[in-house]
Amino acid sequence: MRVDGKGIAFKLRRIYVPLLVLSLAFLAGYSLLNWILVARSGLIPVSDNVVDDWLPLGAAWILVLLLIQPMLGLLKRDAKGNSTFLYHFAAVAFVAVPTIVAQGYIRTGTGDITHVTDASEITSAAATKYYSADEICVSYKDASFEPVVWASGKGNTLNVDVYAVEPVCPNMFTIPGTRSVWIGLKAHTSFNNSLDQPEKEARYRAFLKQADAQFRGEDPRSYRFLERTGRNADGKGFAAALRRAGVLIAPPSAVVLVPHQELFEQRTGNRLQWIPASYATGAIVWLAFVLICPLDDAKVRRWIESGRARGLGERLRRLRLLLPRRDAYGLQLLLGVNILVFVAMVLAGLGMVSFDTQDLLAWGANYRPSLHGFGVLRLISSQFVHGGIMHLLGNLYGLLFAGAFLTLIARNAGLIACYLLCGLGGSITSAMVHPATVSVGASGAIFGMFGILLTLVVLRDERIAELRNLILINVAIFVPLNLFLGLVSHGIDNAAHVGGLATGILLGLAIFFARLVKRPKVNADKGTQHAPLSRQKRQSPMP
Numbered sequence: 196m197r198v199d200g201k202g203i204a205f206k207l208r209r210i211y212v213p214l215l216v217l218s219l220a221f222l223a224g225y226s227l228l229n230w231i232l233v234a235r236s237g238l239i240p241v242s243d244n245v246v247d248d249w250l251p252l253g254a255a256w257i258l259v260l261l262l263i264q265p266m267l268g269l270l271k272r273d274a275k276g277n278s279t280f281l282y283h284f285a286a287v288a289f290v291a292v293p294t295i296v297a298q299g300y301i302r303t304g305t306g307d308i309t310h311v312t313d314a315s316e317i318t319s320a321a322a323t324k325y326y327s328a329d330e331i332c333v334s335y336k337d338a339s340f341e342p343v344v345w346a347s348g349k350g351n352t353l354n355v356d357v358y359a360v361e362p363v364c365p366n367m368f369t370i371p372g373t374r375s376v377w378i379g380l381k382a383h384t385s386f387n388n389s390l391d392q393p394e395k396e397a398r399y400r401a402f403l404k405q406a407d408a409q410f411r412g413e414d415p416r417s418y419r420f421l422e423r424t425g426r427n428a429d430g431k432g433f434a435a436a437l438r439r440a441g442v443l444i445a446p447p448s449a450v451v452l453v454p455h456q457e458l459f460e461q462r463t464g465n466r467l468q469w470i471p472a473s474y475a476t477g478a479i480v481w482l483a484f485v486l487i488c489p490l491d492d493a494k495v496r497r498w499i500e501s502g503r504a505r506g507l508g509e510r511l512r513r514l515r516l517l518l519p520r521r522d523a524y525g526l527q528l529l530l531g532v533n534i535l536v537f538v539a540m541v542l543a544g545l546g547m548v549s550f551d552t553q554d555l556l557a558w559g560a561n562y563r564p565s566l567h568g569f570g571v572l573r574l575i576s577s578q579f580v581h582g583g584i585m586h587l588l589g590n591l592y593g594l595l596f597a598g599a600f601l602t603l604i605a606r607n608a609g610l611i612a613c614y615l616l617c618g619l620g621g622s623i624t625s626a627m628v629h630p631a632t633v634s635v636g637a638s639g640a641i642f643g644m645f646g647i648l649l650t651l652v653v654l655r656d657e658r659i660a661e662l663r664n665l666i667l668i669n670v671a672i673f674v675p676l677n678l679f680l681g682l683v684s685h686g687i688d689n690a691a692h693v694g695g696l697a698t699g700i701l702l703g704l705a706i707f708f709a710r711l712v713k714r715p716k717v718n719a720d721k722g723t724q725h726a727p728l729s730r731q732k733r734q735s736p737m738p
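Note that the sequence shown ends on residue 738 in the working numbering; no numbers are left out.
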């Protein structure tokens, strides 16, 4: 189809308008659900950055993939096929960005404010998101501090956050045993991580003194209103400062309030105006994008001749392959559990890019001093916990390939058993080698699964003979690369890798020789002795 009047009309009707409607519907639907379930009622305790950013982005990507991607495929690709990713990225941005902007407005704009005469009365006042007080007295001499150091920009920038909590002075009307009220303050700095260690330590100490002076210079009389800490990194930092002060966090015995110096009516800033502005900008950019990108004449012709839009049904059928079924559930369950544990940690507000060591321990990480009593279950639970999104994605790649190959031999329950046994071997090895190291991840189990496959390939098991070269390529990519990274990088547990690989090699030998034992014996005079017919019917055919 040439890019003439008909071609432009086709693109507007089939590509531009559907995404225009999807973006607006997603903006309204997601914002309404967030307001009802999270912002207003708190029925679902989700981390702020998850509900504001990651969920809209992920949901937009899925919706575009299922509903819009078939039509994006009608646009012409470049020689390298890079345009496909560009089309999808632009469509996801148009759907996600206005919704992400709107969630910031909903989070800051939702919530009631309670007025008290003295800030110490907040303990007995109604539990609301915001408070205002005529008098705010804080006791800086009883303050508690928590410094947090973290790297960004691929480790090139070192960031330092200092969280301070100052108790509100109690008055004669404060009820004994009620929750205490604390004012939460934060200071931040960053510097180049490539500096010499003495220089970094000097800057760190200088910043701590600067933060102390900043906190001392705070004037509570300038606070217009106070806001409860959210479910985010700042909330975790203030909670850590409270723990240093000996205040119980679970169940909560204190409330931390962040002060604001702007008027309460100005708390949302310009977020409301940015919602229609971001949508209008996206609509204009997407219109220009659709008009500029040419159609693929051959694909459009086939699409028209077929008489129906294909793609959604096929994608739904592909998604079904990832769901456990009676005849295929082993790999699906292993992938699903690893993903669900990570999603649960993200929704719990622990982060996404990386998790703190204490959070990993709380979720079942392998740690030798804790391997007593029920703590021995950490040898298994640690196989499904990951340190961050990149850690998870790398292991999902290895698990997908190793599991797909090994399913041909071990089937479903056998695949799960191989995963757990190899992971157990890696966890035990890690605990033996490292006396006080926190270890998580499925890589020990995956190394073991590749070890099983490598052993069977070397022994020329005919069940995977046709896949020999493909298996060797994946083993050569995953195993040496991860072992090398473990040697040159900190934070990678090569002991678990080696332990899992060794366990997998032993299991591979056991699987191979066990099949040799079960093979029917051949009699020179009578030929092959087959199993009884009733037994043959019960056996599953092997590939």
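FYI, nobody ran anything at the bench for these hints, they're computed from the structure. Any given hint might turn out to be false.
Pairs of lysine to aspartate or glutamate, EDC-like flavour, derived with a Cα cap of 20 Å [stated by the list, open to error]:
#1 Lys494 <-> Glu457
#2 Lys404 <-> Asp337
#3 Lys324 <-> Asp307
#4 Lys271 <-> Asp243
#5 Lys271 <-> Asp492
#6 Lys324 <-> Glu422
#7 Lys404 <-> Glu460
#8 Lys271 <-> Asp313
#9 Lys336 <-> Glu413
#10 Lys395 <-> Glu413
#11 Lys324 <-> Asp313
#12 Lys381 <-> Asp414
#13 Lys404 <-> Asp414
#14 Lys324 <-> Glu460
#15 Lys381 <-> Asp313
#16 Lys381 <-> Glu457
#17 Lys395 <-> Glu457
#18 Lys395 <-> Glu316
#19 Lys336 <-> Asp407
#20 Lys324 <-> Asp407
#21 Lys381 <-> Asp243
#22 Lys381 <-> Glu341
Outcome of the hint check:
no. : hint              : result
1   : Lys494 <-> Glu457 : violated (57 Å)
2   : Lys404 <-> Asp337 : holds (17 Å)
3   : Lys324 <-> Asp307 : holds (6 Å)
4   : Lys271 <-> Asp243 : violated (39 Å)
5   : Lys271 <-> Asp492 : holds (8 Å)
6   : Lys324 <-> Glu422 : holds (6 Å)
7   : Lys404 <-> Glu460 : violated (34 Å)
8   : Lys271 <-> Asp313 : violated (67 Å)
9   : Lys336 <-> Glu413 : holds (13 Å)
10  : Lys395 <-> Glu413 : violated (27 Å)
11  : Lys324 <-> Asp313 : holds (17 Å)
12  : Lys381 <-> Asp414 : holds (15 Å)
13  : Lys404 <-> Asp414 : holds (18 Å)
14  : Lys324 <-> Glu460 : holds (14 Å)
15  : Lys381 <-> Asp313 : violated (23 Å)
16  : Lys381 <-> Glu457 : holds (17 Å)
17  : Lys395 <-> Glu457 : violated (35 Å)
18  : Lys395 <-> Glu316 : violated (43 Å)
19  : Lys336 <-> Asp407 : holds (11 Å)
20  : Lys324 <-> Asp407 : violated (28 Å)
21  : Lys381 <-> Asp243 : holds (18 Å)
22  : Lys381 <-> Glu341 : holds (10 Å)
In this structure, the earlier hints numbered 1, 4, 7, 8, 10, 15, 17, 18, 20 are contradicted, and the remaining ones agree with it.
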